[in-house]
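This is what each chain is made of:
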Amino acid sequence: MSEPRAFPGAAWARWTRTGRAGGYLLGSLLSGVATLVALPLLCVPRLARLWAGWHRDRARRLLATTPAPPPAGPATGHPTGRTSRALLWLPVNALTGVAFGLPALLCVGNVVVAVVATPLWWAFDARDRPRLFVDVPVPDWTTALTLGPLQVLLLAVAAYLVFPPVAHAHARICLAVVSAHPTDEQLAERVAVLTRTRADVLDAHGAELRRIERDLHDGTQARLVAIAMRLAVARQAFADRTRDDQLVADLLREAHEGTEEAMTELREVIRTVYPPILADRGLDGALTAVTSRCVVPTRLDLGSLGLVPAAAEAIVYFAVAEALTNVARHSRATAASVRVHRVADRLSTVITDNGVGGADDRRGTGIAGIRRRVLALDGTVDLDSPVGGPTTVTVELPCGW
Amino acid sequence: MRVVIAEDNVLLSSGLELLLGRAGFRTVAVAVDAPGFLAAVREHRPDVTIVDVRLPPSFRDEGIHAALRARREHPGLPVLVLSQYVEQQYAAELLSTSGGGVGYLLKDRVSRVDEFVDALRRVADGGTAMDPEVIAQLVRRAGDPIAALTPREREVLALMAQGRDNTAIAGQLVVTDNAVHKHIGNIFAKLGLAVTDSGHRRVLAVLAYLNAAGGTGGGTR
Numbered sequence: 204m205s206e207p208r209a210f211p212g213a214a215w216a217r218w219t220r221t222g223r224a225g226g227y228l229l230g231s232l233l234s235g236v237a238t239l240v241a242l243p244l245l246c247v248p249r250l251a252r253l254w255a256g257w258h259r260d261r262a263r264r265l266l267a268t269t270p271a272p273p274p275a276g277p278a279t280g281h282p283t284g285r286t287s288r289a290l291l292w293l294p295v296n297a298l299t300g301v302a303f304g305l306p307a308l309l310c311v312g313n314v315v316v317a318v319v320a321t322p323l324w325w326a327f328d329a330r331d332r333p334r335l336f337v338d339v340p341v342p343d344w345t346t347a348l349t350l351g352p353l354q355v356l357l358l359a360v361a362a363y364l365v366f367p368p369v370a371h372a373h374a375r376i377c378l379a380v381v382s383a384h385p386t387d388e389q390l391a392e393r394v395a396v397l398t399r400t401r402a403d404v405l406d407a408h409g410a411e412l413r414r415i416e417r418d419l420h421d422g423t424q425a426r427l428v429a430i431a432m433r434l435a436v437a438r439q440a441f442a443d444r445t446r447d448d449q450l451v452a453d454l455l456r457e458a459h460e461g462t463e464e465a466m467t468e469l470r471e472v473i474r475t476v477y478p479p480i481l482a483d484r485g486l487d488g489a490l491t492a493v494t495s496r497c498v499v500p501t502r503l504d505l506g507s508l509g510l511v512p513a514a515a516e517a518i519v520y521f522a523v524a525e526a527l528t529n530v531a532r533h534s535r536a537t538a539a540s541v542r543v544h545r546v547a548d549r550l551s552t553v554i555t556d557n558g559v560g561g562a563d564d565r566r567g568t569g570i571a572g573i574r575r576r577v578l579a580l581d582g583t584v585d586l587d588s589p590v591g592g593p594t595t596v597t598v599e600l601p602c603g604w
Numbered sequence: 148m149r150v151v152i153a154e155d156n157v158l159l160s161s162g163l164e165l166l167l168g169r170a171g172f173r174t175v176a177v178a179v180d181a182p183g184f185l186a187a188v189r190e191h192r193p194d195v196t197i198v199d200v201r202l203p204p205s206f207r208d209e210g211i212h213a214a215l216r217a218r219r220e221h222p223g224l225p226v227l228v229l230s231q232y233v234e235q236q237y238a239a240e241l242l243s244t245s246g247g248g249v250g251y252l253l254k255d256r257v258s259r260v261d262e263f264v265d266a267l268r269r270v271a272d273g274g275t276a277m278d279p280e281v282i283a284q285l286v287r288r289a290g291d292p293i294a295a296l297t298p299r300e301r302e303v304l305a306l307m308a309q310g311r312d313n314t315a316i317a318g319q320l321v322v323t324d325n326a327v328h329k330h331i332g333n334i335f336a337k338l339g340l341a342v343t344d345s346g347h348r349r350v351l352a353v354l355a356y357l358n359a360a361g362g363t364g365g366g367t368r
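Protein chains in written order, with my numbering: chain S, 204 to 604; chain C, 148 to 368.
Be aware that one or more of the hints could be misleading.
[As the list claims (entries may be wrong)] Partial list, derived from the structure: chain C residues whose beta carbon lies under 7 Å from chain S:
no. : residue
1   : Arg207
2   : Asp208
3   : Tyr232
4   : Glu234
5   : Gln235
6   : Gln236
7   : Asp255
8   : Arg288
[Stated by the list, open to error] To list a few chain S residues with every Cβ distance to chain C over 10 Å, as calculated:
no. : residue
9   : Val339
10  : Leu378
11  : Asp403
12  : Ala452
13  : Gly509
14  : Ala513
15  : Ala514
16  : Phe521
17  : Arg576
18  : Asp581
Keep in mind that the hints were calculated from the coordinates and are not lab data.
The beta carbon of each residue, even a glycine, is placed where N, CA and C say it ideally should be.
Construct all of the structure, not just a fragment, from the sequences and the given hints.
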């Protein structure tokens, strides 16, 4: 059953890609022409960098949807390098935009011509009939009804075959020019950072295991021992010849209460290891639950995340829960929003509120705890909270392992 | 009273059977997964059902879905859902099905046999049994308006929200029915709620109030 349904699905996806690629190519043509027109203005370094950055994001968005992983990570490098790359992009953009975009425009334009000419050829003046296949005038219905659909069909097939690879080639050229090419020095630095963060990961992991062990050992296990002792004494007292019913009842009651406390504690330990709602409903359901629980009305905006490692999901969940707790406690906000998106191999979580600001993560332990967990995964936490608000917490995690 | 249980852990299901047997219930079937539970409900038409949230094969929230589905197939089927932890979302989903006869309790509560059996009876009779922990979370969240209530009134409010009737509340707090009646009158007056008779409708009214007081816009997508 699934086979025949899968095929149209795949073809449809390919058509969607063709449409996206066509839009991208026409956009490239426009931006190429715009570059030529506004060249003097775009030579201002700041504008050049913005212009190049916009193209880079656009190219990444196009490539991120294809199965092949995008070539570049987060942009690194010195500002001067970025400026020279951005300036280099201006002529390359003008050239490739026109060279790659013009055929796409011709293709789309001629589809439009055929679609208009086929039913309406007669409405044009006899000396100025619309032409199909570049130079064939349309004098009658027979020509219109054969050549018109044929032209649409051929051009559609051409677009279907050619648009996606050409658009991807343009996007790759763009990224090759605009993205940083790490030098040996930068790579060495990156290796040093990764070595350090890996050590941090191991440390954080070890500390987490020790915490869990301590919680279970000092809490649950100790309680079970206490319960077992009370039950043992109760059994003895029950078998005594001069039985003290009150003592047995007290011991049983204490043992019973002990089991309830042990269960409560165990639940808390489990929650800090991996939140059960996350296991039950995934990140989507867990974040829906945590945002709808927040006293401050909170909007949740969840992009398409693909497969996210469980460790990253747990951190996103803890970060959102912690940030929203702070929103409820300190911010005096009337609205908050949580936005989780993935661009290529970066998972970014942004929690914003419209409160009074002035948050400082050195004072509370909550955000500091999140920062430690995030750093352990080679991610970053940004807290932006000027006095008077608004407060924005941004958590970025790599998730392309 | 005939009970169908959906619980894959034999330790827990045999414990439940033992406890229910002593309290005068008859366990007619123990299902170990959702399809088995739905089939058992169709076959036995039990007076009340007990469902664990996590069931095979994926041990996520199959129990909630099975409970909701069973109530769709058999409107008014009393369902008591047991969970290792409380999640307001689940409570809200269960309460959103029409009619009474729903319960949502922490598994821990089973060990308080009398209270558990009382809750199960209430659910079987078309009443409600919400875990005190769910209610405590809602009350904490509700904040300001609840602050106008006296501590005793807050206790009464929480018990009402759990689904207890006036007599049970009076018993729990060791006061007279009359005193409870007065407290309830005060609570409804202070919160500006229309007085509702006891039972499921009153629970829904109180829960809706708490929910609204705790911030409404949550989780809009």
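Here is how each hint holds up against the structure:
At its closest, the beta carbon of C/Arg207 sits 5 Å from a beta carbon of chain S; the interface hint therefore holds under the 7 Å criterion. Given hint, C/Asp208 at the interface with chain S, holds; its Cβ is 4 Å from that chain's nearest Cβ, closer than 7 Å. Satisfaction of the interface hint for C/Tyr232 is found here, the shortest Cβ-Cβ separation to chain S being roughly 5 Å, below the 7 Å cut-off. Taken as an interface hint, C/Glu234 checks out: its beta carbon lies about 6 Å from the nearest beta carbon of chain S, inside 7 Å.
Residue-level restraint check for C/Gln235 holds (minimum Cβ-Cβ distance to chain S is 6 Å; threshold 7 Å). Interface restraint check: C/Gln236 against chain S, minimum CB-CB distance 4 Å, threshold 7 Å, status holds. At a threshold of 7 Å, the smallest CB-CB gap from C/Asp255 to chain S is about 5 Å, leaving the interface hint in force. Of the supplied interface hints, the one on C/Arg288 holds, with its beta-carbon coming within about 5 Å of a beta-carbon of chain S, less than 7 Å.
Look at S/Val339: its CB is around 53 Å from the nearest CB on chain C, clear of 10 Å, so calling it non-interface holds up. The claim that S/Leu378 lies off the interface holds: its Cβ sits roughly 33 Å from the closest Cβ of chain C, which is beyond the 10 Å cut-off. S/Asp403, annotated as away from the interface, keeps every beta carbon of chain C farther than 10 Å; the closest lies near 30 Å. The beta carbon of S/Ala452 sits about 15 Å from the closest Cβ of chain C, which is more than 10 Å, so the claim that it is off the interface holds.
A cut-off of 10 Å between C-beta atoms confirms that S/Gly509 is not in contact with chain C; the least separation is 19 Å. The beta carbon of S/Ala513 sits about 14 Å from the closest Cβ of chain C, which is more than 10 Å, so the claim that it is off the interface holds. With 10 Å as the threshold on Cβ separation, the claim that S/Ala514 sits away from chain C holds: the shortest Cβ distance comes to roughly 19 Å. Every CB of chain C is more than 10 Å from the CB of S/Phe521 (nearest about 16 Å), matching its label as outside the interface.
No Cβ of chain C comes within 10 Å of the Cβ of S/Arg576; the nearest lies about 21 Å off, and the non-interface call holds. For S/Asp581, the condition that its CB be more than 10 Å from all CB atoms of chain C holds, with the nearest at approximately 29 Å.
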